[in-house]
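As a plain string of letters, each chain reads:
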Amino acid sequence: MKILVAVKRVVDYNVKVRLKPDGSDVDIAGAKMGINPFDENAIEEALRLKERGHVSEVVAVTLGMAACQDVLRHALAMGADRAILVETDVLLQPLGIARLLKAVVEREQPDLIILGKQAIDDDAGQTGQMLAALLGVGQGTFISAVDVHEGEVHVTREVDGGTETLALRLPAVVTADLRLNEPRYVKLPNLMMAKKKPIQTYQAVDFGIDASPHLKQLTVANPPTRKPGIKLDSVQELVEKLRTEKKVIG
Amino acid sequence: MSVLILAEHDGHTLKQATYRAVTAAQHWQLPVHVLVAGHTTAAIAQEAAAIQGVAQVIQVDAAVLAHPLAEDIADLLVRAGGDHTVILAAHTAFGKNVLPRVAALLDVAMLSDVVTIVGPKTYVRPIYAGSIYATVESIDALQVLTIRASSFAAASVSPGNAAPIVMMDVSTTTAHVRWLGQVHNVSERPELASARVVVSGGRSLGSAEKFQVVLAPLAEKLDAALGATRAAVDAGFAPNDIQVGQTGTVVAPELYIAVGISGAVQHTAGMKDSKVIVAINHDADAAIFQVSDYYLVADLFETVPALTEALG
Ligand SMILES: Cc1cc2nc3c(=O)[nH]c(=O)nc-3n(C[C@H](O)[C@H](O)[C@H](O)COP(=O)(O)OP(=O)(O)OC[C@H]3O[C@@H](n4cnc5c(N)ncnc54)[C@H](O)[C@@H]3O)c2cc1C
Ligand SMILES: Nc1ncnc2c1ncn2[C@@H]1O[C@H](COP(=O)(O)O)[C@@H](O)[C@H]1O
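From first to last, the protein sequence lines stand for chains A and B.
Under this note's numbering, the first sequence has 178 at position 172, and the numbering climbs by one with no breaks.
Under this note's numbering, the second sequence has 1732 at position 244, and the numbering climbs by one with no breaks.
Treat the hints with care, as some may be off.
[Said to hold, decoys possible] EDC-like, lysine to aspartate or glutamate: derived pairs with alpha carbons at most 20 Å apart:
id	chain 1	residue 1	chain 2	residue 2
1	A	Lys22	A	Asp33
2	B	Lys1609	B	Glu1625
3	B	Lys1763	A	Glu243
4	B	Lys1763	A	Glu246
5	A	Lys108	B	Asp1595
[Unchecked claim] Not the full set, but computed from the structure, chain B residues with beta-carbon under 8 Å of chain A:
id	residue
6	Asn1585
7	Ala1591
8	Ala1617
9	Ser1619
10	Ala1622
11	Ile1627
12	Val1658
13	Ser1659
14	Thr1661
15	Gly1669
16	Asn1673
17	Asp1729
18	Asp1781
19	Ala1794
[What the hints assert, rightly or not] What follows is a set of in silico ranges between Cβ atoms, one per label pair, in the way DEER data are often shown:
id	chain 1	residue 1	chain 2	residue 2	range
20	A	Ala72	B	Thr1501	49 to 59 Å
21	B	Thr1660	A	Asp18	41 to 51 Å
22	A	Tyr191	B	His1500	38 to 48 Å
Calculated from the structure, these hints are not laboratory results.
The C-beta atom is built at its ideal place from N, Cα and C for all residues, glycine as well.
Bound-form chain B, shown alone (with noise of 0.2 Å):
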């Protein structure tokens, strides 16, 4: 009886939302296990076994982990998983690719994006665009699920715990697929799943240039990440991994800055969180506006530059 929870991890540190994912694992109050799986991963699984309420790391250490293949890690996690009451995650890109994988192989039900954990088989999670919440209850003995990460507070990291760390090894590896390469979009931003500040701008932009020149300089005076709406996305003014919304990343910054963003459902759920959002859009009308506790009716050319001139 414990709960499993898959690391994830950029190859040098532990992602926040790891952290995360060990609080809410704290709610079923069984040990916490965590996988951490890759390549020279000594110092990773050592930073997972200093986080307050972990009680287990489970390393495993492979030259073909490098770049992690969903088949690869279900593999580990269905081996790993035997006496483990709940196989956890966050619903990130990477939890979102192996963890339905897990559960189909260990033939239960998985829940996705849980923003609330009311029982050991019952949670909250949000269906329709995050415009309704359903509260769900699995009958499956074993609990899958990824979690909201932006719900849940980070684990905190106590240098006294050092919780046992265990070897596994990586018995086969998938022969369906190859790993062939990887982009990486460079930004001198914060990640923005984790950002404390995040400048979010719209298709109102106009270009990728003025996407740039209009938002950065107030993302830098705010130690802010990017953000950007699927239609900005869309016409190529950003990467599309900086999506917000409900087909995006989701986040609950400290700060939300929405800049002409006209507040389509599909955006707001991915943002409606925040603790203080604030919306600058020139149409009185605005959807955002609803979700903001501050904005300015005005023309975001004049008013962001403004605003970044204001904080000094």
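For reference, chain A alone in the conformation it holds in the complex (with noise of 0.2 Å):
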């Protein structure tokens, strides 16, 4: 069996993305970059797969410009046999990135393709669903286990009041939620040996698809801030703040 996991490169979480001052971007120049939280999940566990003896190739791929070639070292220093970069300027959104990673499964004819249920950039939370879509497969989205069966796999979903088990016919494609695993510390020296690895690179236009943004963002602004808090003494002033001066308890 053979896993294909989709990579993002996005600022890294920790990072307060500032505005431009102009309010029609975000200005990420010079923030720190790295995987998608959720894809590093993803990549975890298409290699503990591949040491329970279920799988032959984990194949890393991302969409970009040539610098997101870094979380592709990093899929490789976690332990990935393969990556690929589809490398493209264009500005690229959920319903093109799935177009491309159409085209990418094709060459590659993976068994199962593992995606993160979110980039923490965008916040979209689509791009899985809507390559299931467009292979016509069927799709495990927010999962928080799998286990390889034959022909299959089966997949705990974290839904709202619980989780809820699939099984998916392969080939499929599934998204991982943070609780699927805890991705395993990349060592210096791997990522050493791991800058020494081709990268397989294709350039987007050469698919012939349409990939350009359906979507033009406008502005963008802070939200609403709140009012600095009061600081209070004691629960009883809490108490009487919250019941006569908010009638939010009887």
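Using the hints, build the complex out of the two chains.
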């Protein structure tokens, strides 16, 4: 069995993202970048399935600028066997990404495709479901467990109110939740070694696929802020405020 | 020209998020249709037909839909969606699973977690864990979106309203996926997403037992739902479906009480629209205080029982 994992390069989750002065976009120049946290879970799970003997090859793929190579190096350092960069300077959105990933899937013919459940920059949470639709295969989103069976995988999904278990016939698309696993720590020697591994590069334009954006970002702004809080000295004072001032308790 | 809403229900009644989606749908000033899919859905279809602002209910009833799969629901929406200008659902686990699939099948982009509908194709939605709000315009003729339920009021029920209910068949069902089972986390507390009061705890509670012993009596007194940070969930103190935040549930209750929570943006993304926020933390510099209306710099293990007591 072969697994394809899609990884995205995003602003590190600890960075406080700023706006450009004209409010047209966020200013991420110079911001610390890294692999989308959920995609790290996706790679980890693929590696664990390989270590359990279910998988012969783990291939990582990313779409974007040449600089996105660094997240592929990270995936290789974790233990991925191969890495593919689909290079483009064009702004990508989930539908375009899903279309390009479909082309990669057609070339690579993986049995299982793992994505993150959500990219922490656009917070869209769409690409996996879109890819499954375009491929005409089953989807298992927000998964916290996966097991390999004959010709299918069984996945546990995190849903409102509990969990759900599905059997997905292969090939299938699944999206990783944070609780799927604890990603391994990348050791420096592995990172050094990963720097030497080749990265297969395609130019997105050569795919002849329309991946142009359907959504135009008009402006960005900071969300409404709250007034600074009032420090209270006692529980009695708090009860009083909630009861008589805010009237939120009886 | 109409708006199609994917209804969400638990097999007996509609989720409150669906009532909120109906309010969001009014922005287009087009007839609003609601798709109710499931098994033995007659009562639910009637419930939907009585919501103010609903012009038609499309009911799909089949045993195979008792545990709806994204593949089948997406196909139903595509079939029902023919002359609709907008396909809309709440941004819940159910909506998030289905709508991107629908958008891709219909070859259009999708907007997730919309907090404001500015114009017929223009929306505000949070990005970067809610630290930025982007205004986005779609170029597609058909709009597919999920809305953040807590940003819209619930539509009211008018017993006089009885929108026509039309039946739709299930044509084929997916051969790719089989439903195997589910686990429901049983709780005596109200549903997190729609509770009027939420009491949330962090890693500092220390154990699953203390999480309950300390927080449950307060939640009970306030008829509140329990919530948790990801750190508390990861530590096994609370079930994952009560995680509040960027990657959990977004809530905006009348009153949110944050107990021993540091206030990471990933957490505040999911609660900072609450009407009144109270924080209890023994660190005078805790970030959570910046989004709170009132805060106590105090030890939670003394303060929470005292607060429970003071509520009488
Ligand atoms: C991709 C990603 C997604 C994430 N999504 C979410 C999400 O959806 N929701 C979420 O919550 N987090 C999320 N996180 C995690 C988030 O970044 C924080 O790590 C988490 O919210 C911290 O939880 P906490 O406040 O319980 O723990 P801590 O940050 O450890 O804070 C504990 C707090 O308790 C206080 N305290 C300790 N003891 C006491 C006491 N006796 N009395 C009073 N106060 C006390 C401390 O002063 C401290 O402020 C995400 C992280 C990542 C990387
Ligand atoms: N540019 C990209 N390259 C590769 N994978 C991506 C890219 N963008 C998104 N993905 C995948 O799609 C998932 C969900 O992203 P999103 O739909 O944008 O929230 C991510 O976690 C990745 O696995």
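Given a cut of 8 Å on the nearest C-beta pair, is the interface hint for threonine 1661(B) held or broken against chain A?
This interface hint is violated because 12 Å lies over the 8 Å limit.
Going by Cβ atoms only, is serine 1659(B) closer than 8 Å to chain A?
Since chain A brings no Cβ nearer than about 16 Å to serine 1659(B), farther than 8 Å, the hint is violated.
Take a look at whether the Cβ-Cβ distance between tyrosine 191(A) and histidine 1500(B) falls inside 38 to 48 Å.
For histidine 1500(B) against tyrosine 191(A), whose Cβ atoms are near 47 Å apart, the range 38 to 48 Å holds.
Taken at face value, is the distance from the CA of glutamate 246(A) to the CA of lysine 1763(B) at most 20 Å?
Judged against 20 Å, a Cα distance of about 17 Å means the pair holds.
Does the CB of valine 1658(B) sit less than 8 Å away from some CB of chain A?
Violated: closest Cβ of chain A sits about 17 Å from valine 1658(B), beyond 8 Å.
Is the interface hint for alanine 1794(B) satisfied, with its Cβ closer than 8 Å to some Cβ of chain A?
holds (5 Å)
Next item in the hint list is aspartate 1729(B). Is there a CB on chain A closer than 8 Å to its CB?
holds (6 Å)
Agreement of lysine 1609(B) and glutamate 1625(B) with the hint, judged by alpha carbon distance not exceeding 20 Å:
holds (6 Å)
How about isoleucine 1627(B): closest beta carbon in chain A under 8 Å, or not?
Since the shortest Cβ distance to chain A is 5 Å, the answer is holds.
So, alanine 1617(B) near chain A? Judge it on the closest CB pair being under 8 Å.
Status holds, d = 7 Å.
Check whether the Cα positions of lysine 22(A) and aspartate 33(A) lie no farther apart than 20 Å.
holds (10 Å)
Interface hint check: aspartate 1781(B), Cβ to nearest Cβ on chain A, cutoff 8 Å. Holds or violated?
Holds - the Cβ of aspartate 1781(B) comes within 8 Å of chain A, reaching about 6 Å at its closest.
The earlier numbered hints that this structure contradicts are 12, 13, 14.
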